[in-house]
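> Assemble chain V onto chain X, guided by the hints.
Sequence lines, in order, name chains X and V.
Under the working numbering, the first residue of the first sequence is numbered 21, with each subsequent residue one higher.
Under the working numbering, the first residue of the second sequence is numbered 32, with each subsequent residue one higher.
Quick caveat, the hints were computed from the structure, so don't treat them as lab data.
With a cut-off of at most 27 Å between alpha-carbon atoms, the simulated DSS-like pairs for lysine-lysine come out as follows:
| # | chain 1 | residue 1 | chain 2 | residue 2 |
| --- | --- | --- | --- | --- |
| 1 | X | K103 | V | K281 |
| 2 | V | K156 | X | K103 |
| 3 | V | K122 | V | K294 |
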Amino acid sequence: MKDINITIIDREGVKHNVEAPTDMNMNVMEIVRSYELAPEGTIGICGGMAMCASCQCYVESDHSLPEMSYDEDLMLSEAFNVKENSRLSCQIFITEELNGLQVTLAPEV
Amino acid sequence: MIKTDILIIGAGPTGLFAVFEAGLLKLKCHLIDALPQAGGQCAEIYPKKPIYDIPGFPEVLAGDLVSNLMKQIEPFQPGFTLGERANTIDKLDDGTFVVTTDKGTKHHAPIVAIAGGLGSFEPRKPPITNLADFEDKGVEYIIRDPEMYRNKNVVISGGGDSALDWSIFLTDVAKSVTLVHRRNEFRGALDSVEKVQELKNLGKIELFTPAEVIGLVGKNNLEEVVIKRGAEVFNRECDHFIPLFGLSPKLGPIADWGLEIEKNAIKVNNALDYQTNIPGIYAIGDINTYPGKLKLILCGFHEATLMCQSAYQRIFPDKRYVMKYTTVGGVQGFDGSKKEAPKAVIKSID
Numbered sequence: 021m022k023d024i025n026i027t028i029i030d031r032e033g034v035k036h037n038v039e040a041p042t043d044m045n046m047n048v049m050e051i052v053r054s055y056e057l058a059p060e061g062t063i064g065i066c067g068g069m070a071m072c073a074s075c076q077c078y079v080e081s082d083h084s085l086p087e088m089s090y091d092e093d094l095m096l097s098e099a100f101n102v103k104e105n106s107r108l109s110c111q112i113f114i115t116e117e118l119n120g121l122q123v124t125l126a127p128e129v
Numbered sequence: 032m033i034k035t036d037i038l039i040i041g042a043g044p045t046g047l048f049a050v051f052e053a054g055l056l057k058l059k060c061h062l063i064d065a066l067p068q069a070g071g072q073c074a075e076i077y078p079k080k081p082i083y084d085i086p087g088f089p090e091v092l093a094g095d096l097v098s099n100l101m102k103q104i105e106p107f108q109p110g111f112t113l114g115e116r117a118n119t120i121d122k123l124d125d126g127t128f129v130v131t132t133d134k135g136t137k138h139h140a141p142i143v144a145i146a147g148g149l150g151s152f153e154p155r156k157p158p159i160t161n162l163a164d165f166e167d168k169g170v171e172y173i174i175r176d177p178e179m180y181r182n183k184n185v186v187i188s189g190g191g192d193s194a195l196d197w198s199i200f201l202t203d204v205a206k207s208v209t210l211v212h213r214r215n216e217f218r219g220a221l222d223s224v225e226k227v228q229e230l231k232n233l234g235k236i237e238l239f240t241p242a243e244v245i246g247l248v249g250k251n252n253l254e255e256v257v258i259k260r261g262a263e264v265f266n267r268e269c270d271h272f273i274p275l276f277g278l279s280p281k282l283g284p285i286a287d288w289g290l291e292i293e294k295n296a297i298k299v300n301n302a303l304d305y306q307t308n309i310p311g312i313y314a315i316g317d318i319n320t321y322p323g324k325l326k327l328i329l330c331g332f333h334e335a336t337l338m339c340q341s342a343y344q345r346i347f348p349d350k351r352y353v354m355k356y357t358t359v360g361g362v363q364g365f366d367g368s369k370k371e372a373p374k375a376v377i378k379s380i381d
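Isolated chain X (complex conformation) (with noise of 0.2 Å):
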């Protein structure tokens, strides 16, 4: 299993390369708490089990991505600036297809 490297534009614009392991069934808000992108405390609230929408980012790159969960679905369903491409990080989990990935994350609410 090997590093892939993804794309994490933080709340303020800034883009960050981040190297994220496939092996350590880790997810996106995981790979930007571990890289402390965002103010611990304003995302992955609920741990990330899908009931709050503090970790929704937006995904920019084109690759295909496992189906929401009905969970996901409708926590999403109550979020504040939902768009088109609006995920919860923490359901992205880090496998090798994900290879270049970018995502921005959501304004905090």
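Same frame as chain X, but now just chain V:
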């Protein structure tokens, strides 16, 4: 004024367990929580989720963990101030503290333990530019007194249980009830969804989906909401707009208590006792930070235990004490109850 030995801010698992550890040291506790029930995030966000890393429990539902903790601390008769947020803290000349809530309830204690998790739960507010202008002038995030909606035109937005349940409830009170939700599907309980469908068919609830409230209109008080459904944008007369999008934790007023804050958390002395930069104020559980901090319930339990030992020494600086095992000392409740290991039966052999 409520008086206690340890005033605990936050009634999540860490705060609840602190009551037990304090009780073993004969210290009384009182807890304040902004939520109407004890349990913190475990009760509010994920009561039905299993937790797998509580030592000794291969699997426990978050809600069950809270019930078990409540049972465990029952002998120590903790007091609760629920549904109120700890707003201000004052240090008295004798070094003790008075904590006042947003509703004015005052609590006096020599020790304050902040076990506030990620902060107090506040309503999530939709991003409507002039929303704040109409707060308490027609916009409410929490329904405190349903009577204020009698014979009024009410617009509710949201798709969860509270939006559904209040829409149903207010049909008997309000002049009109309009429910606006971004999707056709609702996240709430199935029977609530069916009830709303029934009330819609009877013309008692007007339903706009998939739609959003995008603006508010009024001279002083709220008069109309602007609703967007697809490409269509229209105004709707209303006296009250109630956005119900759940709750989100915010550090809130604690941030202004003079405590050292780092990464939205309170810095503590982890090598010793989880005390903050203000002697007598401790921070335990998810709300604190120190090198190597992990936001885990099991770590919160450990921190609560050490905090209580330190609090005891602070309250009784001249008393000598050594920690006792419950297997040895048992548990003697403030309610007169007593639990202890059964004594071995000795029978002589003739």
